[in-house]
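Trainee: Spelled out, the chains give:
Number of protein chains: 2
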Amino acid sequence: MATIKDIASYCNVAVSTVSRVLNNHPDVSADTREKVLEAARRLHYVPNNSARDLALQQTDSIGLVVRGAENPFFMPIIRAVEKSCEEKGYTMVLHQISADADEVEEGARLVTSKRLKGLILLGGRYDYTHEDASAFGAPFVCCTYTNHFGDLDLDAYSSVSIDDKAEACRAVKMLIDKGHTKIAILLDAARDRSVSERRFRGYCEALAEAGIPLDEGLVCETVDDDMESALERIESLIVERPDITAIFAITDTLAIAAMKAVDNAGRSIPSDISIISIGGIAMSLCTTPTLTTLAQPQALIGEKAVEILVDVLEKAAPNSHIRLETTLRPGGTVGQVHSGDLA
Amino acid sequence: MATIKDIASYCNVAVSTVSRVLNNHPDVSADTREKVLEAARRLHYVPNNSARDLALQQTDSIGLVVRGAENPFFMPIIRAVEKSCEEKGYTMVLHQISADADEVEEGARLVTSKRLKGLILLGGRYDYTHEDASAFGAPFVCCTYTNHFGDLDLDAYSSVSIDDKAEACRAVKMLIDKGHTKIAILLDAARDRSVSERRFRGYCEALAEAGIPLDEGLVCETVDDDMESALERIESLIVERPDITAIFAITDTLAIAAMKAVDNAGRSIPSDISIISIGGIAMSLCTTPTLTTLAQPQALIGEKAVEILVDVLEKAAPNSHIRLETTLRPGGTVGQVHSGDLA
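Protein sequence lines, in the order shown, are assigned to chains Y and G.
Position in the first sequence (from 1) plus 443 gives the number in the working numbering.
Position in the second sequence (from 1) plus 443 gives the number in the working numbering.
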């Protein structure tokens with residue numbers, strides 16, 4: 444690799460001149476600047492900021508394993524994680540895996556192969572064992588989830604998430620308050636013992652509090668990261684169960700697929716079927732009607748994950764757990780039960 | 444950090460035994476294997492693959508600068524780039540910038556600070572100068588765009604993209620073929636001399652070939668990475684110009700915002716207004732009606748970008764330029780002009 448000295452020698456100028464050009468100082472003639480830049484190009488010069496950078500290099504990376512890589516909900520979180528890593532002097536190494544891949548195996552491999560100091564897992568299982576936790580070989584933060592079903596002590600990992608069960612319960616209660624009792628739930632089949640199960644429990648709690656019996660025929664497992672197959676699955680549900688008057692989708696993506704399925708079935712939203720979800724993606728502002736959703740604070744989730752991890756890495760802070768709240772973003776997809784019949 | 448020697452000493456076995464266990468050689472007893480793995484876990488051992496890995500470490504990263512970080516169109520491309528980098532033995536370092544940031548400055552900084560071997564730019568200006576190109580300080584691939592308006596020689600950079608002008612022309616002709624003459628175009632205000640301008644020229648060409656004069660009042664500049672403000676802008680357009688019967692949106696995101704704007708204005712798609720775009724994001728399958736769009740081969744774009752760059756880095760291959768074609772994904776947003784009036 445060419446050094447600044449190679450460029451100086453190639454151009455027959457002083458090393459300090461090369462340095463001024465490469466650092467964009469103004470006090471260099473246009474000719475010299477051009478000559479130096481041309482040489483830097485030809486010699487494929489790659490600048491070293493300082494020896495200190497080299498020393499730091501092996502230890503300044505944080506991995507971000509994203510499970511369900513095409514999930515638009517994750518985009519603002521990924522961006523916030525990267526920005527916060529930069530601000531705190533770390534490089535984020537992104538690794539995207541499909542929703543049915545094992546983030547423990549992939550994360551552990553990443554920590555090893557990329558020599559990471561820590562790991563943020565964006566989406567994952569809620570049931571880590573002690574073995575899983577030690578497999579990572581580095582401090583880690585569960586981002587958008589917790590280890591609710593696992594056996595880890597709270598001080599063995601960090602997490603940033605909403606309270607999935609409570610928020611799901613809140614969403615379903617909003618439907619019940621509008622008179623709905625035949626409420627379907629759209630879960631994500633690939634995430635058992637995970638976000639799906641927590642939100643399913645919130646759904647069950649809301650039903651139970653209202654004295655509505657659980658109807659297994661209204662529980663629909665879909666595939667969140669494949670909109671086409673989710674759409675098909677929801678279409679079947681609507682045909683099989685014409686008594687459905689409301690749908691709680693555990694994500695905005697599933698809610699948007701549900702809106703399409705309802706339309707394909709020739710029914711109207713919200714007069715025939717109401718829909719609510721948890722998410723807050725930009726796209727759900729542009730559905731017709733606008734999707735009613737409990738919006739998560741996406742950027743904040745990413746920022747907090749990095750903050751926790753860096754505190755653990757640099758200040759030997761204990762692991763910590765942050766619960767954030769959603770904000771109702773009112774849309775036009777929730778109405779009184781069968782308001783169409785009353786009109 | 445624990446070494447292989449620490450594990451050997453902890454277990455009271457030979458270093459070579461530890462090595463055999465960690466490399467999954469079969470000639471170790473089950474007991475010893477268990478003991479070594481347990482120790483590796485307890486001591487938080489992180490394997491160094493070999494001294495060779497360490498030597499390579501400084502030079503195995505490829506940067507991916509994503510301009511317009513919340514653009515859902517980029518998600519499958521990012522995933523393909525990361526996957527291809529891994530397969531070819533590189534680490535992808537992701538850096539996301541807003542649509543109005545300067546990818547040359549950010550890319551150059553990234554190459555320096557992260558010691559990258561090469562750079563893939565996902566979205567960017569079409570008008571690089573020689574100075575821009577040398578600022579990067581490493582080989583680079585323009586991914587989803589070209590340097591059409593710049594003064595770089597073709598051998599100074601690589602690119603993978605569709606032919607923006609030809610594809611835009613194709614989309615607008617599809618509208619003209621259905622009898623439309625009052626065709627609005629939605630451009631991205633942040634991308635002048637860029638994808639917007641190339642696609643605008645395709646729009647102009649299609650109009651010119653059909654003898655339709657260009658009407659500046661139908662040219663609408665929006666902000667692609669902020670759906671709320673795009674929506675507002677398109678709503679104003681529809682109110683100001685009630686004669687519009689068709690819209691060509693340069694991206695699916697803008698098309699989805701346009702669908703919402705048309706609905707908010709109390710008009711119907713496609714009976715009052717037809718919409719077509721270029722993109723192919725998963726979400727546009729779930730609009731009502733389904734968006735008619737020219738779908739780009741997203742994964743292939745990412746794979747090709749890595750392939751070109753690695754060939755330049757490893758085989759001293761010349762820079763190259765790949766043009767890929769879109770595929771019409773028929774939906775329900777394009778109809779005959781004013782078919783509603785005829786019904």
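These aren't lab readings, by the way, just hints derived from the structure by calculation.
Treat the hints with care, since some could be wrong.
Any copy, or any two copies together, can satisfy a pair, since identical chains are not distinguished.
Computed cross-link-like contacts, DSS-like style, restricted to lysine-lysine with a CA-CA straight-line distance of at most 30 Å [as the list claims (entries may be wrong)]:
#1 Lys-526 - Lys-448
#2 Lys-526 - Lys-560
#3 Lys-758 - Lys-478
#4 Lys-616 - Lys-526
#5 Lys-560 - Lys-531
#6 Lys-531 - Lys-616
#7 Lys-560 - Lys-625
Trainee: All hints, please: hold or fail.
Mentor: Hints versus structure:
1. Lys-526 - Lys-448: Intra 34 Å, inter 37 Å, cutoff 30 Å: neither.
2. Lys-526 - Lys-560: Intra 17 Å, inter 22 Å, cutoff 30 Å: intra and inter.
3. Lys-758 - Lys-478: between (45 Å within a copy, 27 Å between copies)
4. Lys-616 - Lys-526: neither (37 Å within a copy, 42 Å between copies)
5. Lys-560 - Lys-531: So Lys-560 and Lys-531 pass the 30 Å test inside a copy (13 Å) and across (24 Å) alike.
6. Lys-531 - Lys-616: neither (41 Å within a copy, 51 Å between copies)
7. Lys-560 - Lys-625: neither (49 Å within a copy, 58 Å between copies)
Consistency with the previously given hints fails for numbers 1, 4, 6 and 7, ordered from lowest to highest.
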